[in-house]
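Novice: Sequence:
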Amino acid sequence: MHGGIEELFAPWLREIAQSMRTSQAFCFGLFSTGGEVLFINSALERLVGPSPMESLVNPGFADLQAAAENTSGRKKIFSGFATLSNGD
13 MHGGIEELFA PWLREIAQSM RTSQAFCFGL FSTGGEVLFI NSALERLVGP SPMESLVNPG
73 FADLQAAAEN TSGRKKIFSG FATLSNGD
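Whatever position you read off the sequence shown (first residue = 1), add 12 for the numbering used here.
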């Protein structure tokens, strides 16, 4: 295999970004530590509705904020499956 995954996918970044935006199979969301929605794709928006921050059940957003404050230089603050709810 040649190089890392970043090198392999570099020629297709535009297509990958488009897939992330429009995918109905995968949910993607990026949030600031202050609770601002930086990016949410259509699948996640359809799943959680207009209030994505309140939809984080396990871990909750406060748990993720606390982990971000205590990272000690680590970039990853959560690994695993997140539980979401749309309130229904």
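Misleading hints may appear alongside valid ones.
Below, a list of computed lysine to aspartate or glutamate pairs in the EDC-like style, where the Cα atoms sit at most 20 Å apart [what the hints assert, rightly or not]: (1) Lys-87 <-> Asp-75; (2) Lys-87 <-> Glu-48; (3) Lys-88 <-> Asp-75; (4) Lys-87 <-> Glu-18; (5) Lys-88 <-> Glu-48; (6) Lys-88 <-> Glu-18.
Each pair of labels, with its calculated beta carbon distance range [said to hold, decoys possible]: (7) Glu-27 <-> Ala-74: 16 to 22 Å; (8) Trp-24 <-> Gly-72: 32 to 38 Å; (9) Ile-17 <-> Val-49: 23 to 29 Å; (10) Phe-40 <-> Asn-70: 15 to 21 Å.
Worth flagging that the hints you see were computed from the coordinates, not collected in a lab.
Here the structure is a predicted model, which means the values were calculated and not measured.
We put the beta carbon where it would ideally sit given N, CA and C, even for glycine.
Novice: Are the hints correct? Go through all of them and say.
Specialist: Checked hints:
{"no.": "1", "hint": "Lys-87 <-> Asp-75", "in the structure": "15 Å, holds"}
{"no.": "2", "hint": "Lys-87 <-> Glu-48", "in the structure": "19 Å, holds"}
{"no.": "3", "hint": "Lys-88 <-> Asp-75", "in the structure": "13 Å, holds"}
{"no.": "4", "hint": "Lys-87 <-> Glu-18", "in the structure": "17 Å, holds"}
{"no.": "5", "hint": "Lys-88 <-> Glu-48", "in the structure": "18 Å, holds"}
{"no.": "6", "hint": "Lys-88 <-> Glu-18", "in the structure": "17 Å, holds"}
{"no.": "7", "hint": "Glu-27 <-> Ala-74: 16 to 22 Å", "in the structure": "36 Å, violated"}
{"no.": "8", "hint": "Trp-24 <-> Gly-72: 32 to 38 Å", "in the structure": "35 Å, holds"}
{"no.": "9", "hint": "Ile-17 <-> Val-49: 23 to 29 Å", "in the structure": "27 Å, holds"}
{"no.": "10", "hint": "Phe-40 <-> Asn-70: 15 to 21 Å", "in the structure": "18 Å, holds"}
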